[in-house]
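Sequence order for the protein chains is C and Z.
Using our numbering, the first residue of the first sequence is number 9, and each one after it goes up by one.
Using our numbering, the first residue of the second sequence is number 9, and each one after it goes up by one.
Do not take every clue at face value.
Identical copies carry no separate label here, and so any pair may be met within one copy or between two of them.
Derived DSS-like pairs (lysine-lysine); straight-line CA-CA distance at most 27 Å [unchecked claim]:
# : residue 1 : residue 2
1 : Lys291    : Lys68
2 : Lys138    : Lys291
3 : Lys35     : Lys138
4 : Lys35     : Lys98
Keep in mind the hints are simulated off the structure, nothing from the lab.
Now for the letters of each chain:
Protein chains: 2
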Amino acid sequence: MTLHFTQVAIIGVGLIGGSLGMILRRKGLASKVIGVGRRVENLKAAVELGAIDRYVIDPKDGVRDADLVVLATPVDTYDRHLTEWASCLKKGAIVTDVGSVKGLLVEQAERAMPAGVHFVGAHPIAGKEKTGVAAGSDQLFMGARCIITPTKATDQQAFEQIRTMWEETGSVVLTMDAHLHDKILGAVSHLPHVAAFALMNALVEIRDQQIPSLDLVSHSGGGLRDTTRIAASSPEMWRDIFLWNRDNVVSFIEAYERSLSQLKQLIQVSDAAGIEKKLDQAKQEREKLSTRPTVPA
Amino acid sequence: MTLHFTQVAIIGVGLIGGSLGMILRRKGLASKVIGVGRRVENLKAAVELGAIDRYVIDPKDGVRDADLVVLATPVDTYDRHLTEWASCLKKGAIVTDVGSVKGLLVEQAERAMPAGVHFVGAHPIAGKEKTGVAAGSDQLFMGARCIITPTKATDQQAFEQIRTMWEETGSVVLTMDAHLHDKILGAVSHLPHVAAFALMNALVEIRDQQIPSLDLVSHSGGGLRDTTRIAASSPEMWRDIFLWNRDNVVSFIEAYERSLSQLKQLIQVSDAAGIEKKLDQAKQEREKLSTRPTVPA
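Sequences are here, hints too, so could you generate the full structure?
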């Protein structure tokens, strides 16, 4: 299909929104890209970087004539945004998002759409450690996965347009049920983030309460650095992901607590064979992950 | 000081023992390096790779005339080894090791030394994911840390020789109390390994019991891969490390369990500010680790 939008409004011109804007403009997929945000300085930078043609502060001014609205703000602000401007959308417009959680948020967005306006949820999996439009690039999504989460209510034509748009970014596009998305990402992405954040905090407690001479900077090696790399991710973004995917995240933390407790108990009673069995299972599963090249997540 | 050994016996010619042998031979620090092991095929490969001059199967034949014995077998075998051949050592000989745990093992080795034979414990921190002499290199220790753990009983001259030997490998040599070593490495290395092994096993449980369609290979991204990289480490080696550093490891797992439980509870009650505070602390501590280049551990 030929993809072309007359006017695109990007709400939240950060790393993801800004990179998408660059691609839409450079590939001629949109005649006009309008950025919406609160920080004028950031919006000016987005114009200079070619991410948007112009900007407005009031989202209603941005979305009124748009045939595509990209919601690229933190997921916790969706409700406030949709309440503020969904009623201004013109018939036939498509609203999409880029949030890392889908289930409840897709339901919320679908409920907020006026008649004749179509919502399609999407989650481009790219570049989580950097933030801001200045880190944006029209290559950001190249080879990365983008998961689109249609529902029974999704308009087929709107779905095709969003899928084509993400294919144009160079993403590997997958389609998945929104709640299954949250389970799978909860396991392979949200749980490792919990593990990394909590590990850094445990080391702080160990240093402060048990080993005053522990200098984490000079004593840490590659193992600790790799294991905790994603603990440097955005606290605001991950706070919202954990809250919006709360039930899955809590359930998976509990599975992790069981796994840790089992290993601890085997060590406590010096069960050499039991420990080795657990480590061997982990090694075998981990080695399977090495069979394909790494993509960002 | 000028370092020269007439005969070195390396007990266990794997990645670490083999790499050290290559360096001792290529830099002319030893007139003769004898490898001791059980697998003749491996010992033949070690000769071909230039890690040793020749090999013997009976360790007593290797250590009898040695002025340096390097114990480079799994730490759990130290007792058996020392019982077997310590009484054959000649006066003035030095015994050193390369084990990842030090406290109890250094005490054990010191008790096993006959009069006039000196033990100096050491822990070169290098290359834990690969194994075997074939992966060895005379560059393996370049820039890596090596922690030497002298005690009140340590002979000063023997200590200086072991320190000089590790400096010759290109290691950054640190000196530390053996029990403090186990606390610090327990925190910055052993705990992250527990976290990574247990995380892989938790994902297996989640897949098998909660998300049958979870394909860990195709769904995992960079976050999971980094967080679990060290779960591919040797089960035998890490089993022994966890057992020989048991009390520290169990205590640190408990700190980790507290940290995880705190974060879980904040998520359960949707305490957004509380979650953000925890993630923010983790991010700040993690970012400090980025201030110096990574060295292996």
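Evaluation of the provided hints:
1. Lys291 x Lys68: neither (53 Å within a copy, 35 Å between copies)
2. Lys138 x Lys291: Only across copies: lysine 138 and lysine 291 sit 13 Å apart there, 30 Å inside one copy, limit 27 Å.
3. Lys35 x Lys138: within (24 Å within a copy, 46 Å between copies)
4. Lys35 x Lys98: within (25 Å within a copy, 78 Å between copies)
Violated hint for the displayed structure: number 1, the only one.
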